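Protein chains in written order, with this note's numbering: chain F, 25 to 317; chain L, 25 to 317.
Rather than coming from a laboratory, the hints here were simulated on the basis of the structure. Given the structure is predicted, the values throughout are model-derived calculations rather than measurements. Where a beta carbon is used, it is the ideal one built from N, C-alpha and C, also for glycine. Be aware that a few hints might be false.
Covered by chain L, according to a simulated footprint, are these stretches of chain F (three or more residues, beta-carbon under 8 Å) [stated by the list, open to error]:
(1) 124 to 135
(2) 180 to 192
(3) 209 to 223
To list a few chain F residues with every Cβ distance to chain L over 12 Å, as calculated [claimed, not checked]:
(4) Val29
(5) Arg37
(6) Glu47
(7) Val83
(8) Leu138
(9) Val202
(10) Ala238
(11) His260
(12) Glu261
(13) Glu268
(14) Val279
(15) Pro312
(16) Arg315
Each pair of labels, with its calculated beta carbon distance range [to be verified]:
(17) Glu140/F to Ala137/L: 23 to 29 Å
(18) Glu102/L to Glu140/F: 41 to 47 Å
(19) Ala121/L to Lys288/F: 26 to 32 Å
(20) Val29/F to Glu110/L: 25 to 31 Å
(21) Ala205/L to Pro167/F: 44 to 50 Å
2 protein chains.
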Amino acid sequence: MSLPVFALVEDLRAELAAWRRQERRLAVVPTMGALHAGHQALVRRARELGDEVVVTIFVNPTQFGPSEDFAKYPRNLEADRRLAEEAGATLLFAPEAREIYPAGDQTRVSVGALAEGLCGASRPGHFTGVATVVSKFFALFAPATFVFGQKDYQQLKVLERVAQDLLFPVTIEGHPVVREADGLAQSSRNVYLSARERTAALGISKALASTQAAFLAGERAPETLLEAALRVLGSHELAVEYVELRDADTLGPAVASKNEPSKKWILLVAARSGSTRLIDNTILGHDPALRGP
Amino acid sequence: MSLPVFALVEDLRAELAAWRRQERRLAVVPTMGALHAGHQALVRRARELGDEVVVTIFVNPTQFGPSEDFAKYPRNLEADRRLAEEAGATLLFAPEAREIYPAGDQTRVSVGALAEGLCGASRPGHFTGVATVVSKFFALFAPATFVFGQKDYQQLKVLERVAQDLLFPVTIEGHPVVREADGLAQSSRNVYLSARERTAALGISKALASTQAAFLAGERAPETLLEAALRVLGSHELAVEYVELRDADTLGPAVASKNEPSKKWILLVAARSGSTRLIDNTILGHDPALRGP
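Given these sequences and hints, build the entire structure.
Next comes the structure, spelled out in structure tokens:
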């Protein structure tokens, strides 16, 4: 294996400085490890955007709630290294927590309305943890292009806001949800699913596809579009946390104007299959991967 | 006048990029304008640290409370331009609020324990406003050296923490308090003082000098050192908000060990003369400007 792995901020800074002197464009894919085909698609996209591609692997403690799966979150650096290299990464940054949260750390970055509701409602403090750790990466790597997956759509919107509001010289690229052949969105947490739970989990992407199909058939009433998803979710063994139709830019409510949306709408779902919390979404009329059942 | 004034982030970024290509070292002095001899000392220090020196002039709305002096804070761009150029600035950045807080802005940077107590107690949200706006400047100007005055000592500590915690590639330099001939700390708010209020305000630096003299005479008991300051403050027409002896590094309590401080101690005062709130401080045994009366 030739892909270098850096663990120290100081070492990383030296390498970044050398790249900058050579005017190498940088693309960064921040991850919590447990890489899968979804992450690899982000890395391949990053390869198109940068001369150097850094994959960060950091299971960020501040974005997990006390009852969440921080301790058991899947970790496997050697497998991650192989998958990252295969997809075109040129450096892996895998720091310990003390590198990212120096002794005495007490600074937090928080976002307002965008971080409320949806996942923010059930995971208090989650987006402050995400905005804080990614701000550190923005500060460390800038100038750079960051590639994030759209599966975590609210997260993507929060991070776009952080980059813009804090004037970071970074560009943010959202990458469409990557799915398994049967439609299940790629997620590091899929490994938790039993065969039965996995079958139930398919109800999520099927629900999104059902609403997508209704939209493509011309349906524009928010309630009717939601009902299409709810019907499918209800026929699967899932504990639904939320199903919401929102404005895809602002995450504000989807408001029908003359029965035609003036802006892009997104359907977002969070549900548990067994004890595994899964999220997924689709932008109506803009998701070639989910054209309906 | 030849000192260029930039108002737009976009224009500034282009200039900064050009400087970086020429490997010009950058030093930045963030101010709220109303420049005085204290700011000029910061700019002269910045001149020693950078090939280019940017003075930012931005009266930051988010660091003022609703009953504070945001609207009446002194503003005079032409005078500032003259004073900044005289001291060696090479660019003035004087943006409108919408440049620094883009439409929809909702990101805030907050600091924990360091921002509590002292000025944080009477100015809720103040340090979040300061940490937020300076984070934007860190993101915009990095890599750079930032020069801040030690008169706002708690602010300096908060900003050192932000820079370290968020991994900004910036260096922070604290500059000793600059005083008028009679000891009054230079402040943009001094212009508010009537002659009588100004005489009363001198009680603050005299109080610091009294404690400094006691310390230099060998006194090490925190209560006795505090009493020296309180005695002087009490004999002046001032509304004292706080007088505190703290550890100069952590801002934690000053604890005497074997009657000898193991670390640097700082005496900090906030008081109103008339309706003008003034702050000042001295590091005991490390302040040549305040050796006692």
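For each hint, the structure was consulted:
1. 124 to 135: The restraint on the segment 124 to 135 of chain F holds, since 11 of its residues have a Cβ under 8 Å from chain L and three suffice.
2. 180 to 192: Since three or more residues must qualify, the claim that chain L covers the segment 180 to 192 of chain F holds, with 7 doing so at under 8 Å.
3. 209 to 223: Check failed, 0 qualifying residues.
4. Val29: About 19 Å separates valine 29/F from the closest Cβ of chain L, which puts it past 12 Å; holds.
5. Arg37: About 7 Å separates arginine 37/F from the closest Cβ of chain L, which leaves it inside 12 Å; violated.
6. Glu47: Violated, because the least Cβ-Cβ distance between glutamate 47/F and chain L comes to about 9 Å, which does not exceed 12 Å.
7. Val83: holds, 18 Å
8. Leu138: violated, 7 Å
9. Val202: holds, 28 Å
10. Ala238: holds, 31 Å
11. His260: holds, 36 Å
12. Glu261: holds, 38 Å
13. Glu268: holds, 19 Å
14. Val279: holds, 18 Å
15. Pro312: Holds, because the least Cβ-Cβ distance between proline 312/F and chain L comes to about 29 Å, which exceeds 12 Å.
16. Arg315: holds, 32 Å
17. Glu140/F to Ala137/L: 23 to 29 Å: holds, 26 Å
18. Glu102/L to Glu140/F: 41 to 47 Å: Since the Cβ atoms of glutamate 102/L and glutamate 140/F sit about 44 Å apart, the hinted range of 41 to 47 Å holds.
19. Ala121/L to Lys288/F: 26 to 32 Å: Since the Cβ atoms of alanine 121/L and lysine 288/F sit about 30 Å apart, the hinted range of 26 to 32 Å holds.
20. Val29/F to Glu110/L: 25 to 31 Å: violated, 52 Å
21. Ala205/L to Pro167/F: 44 to 50 Å: holds, 47 Å
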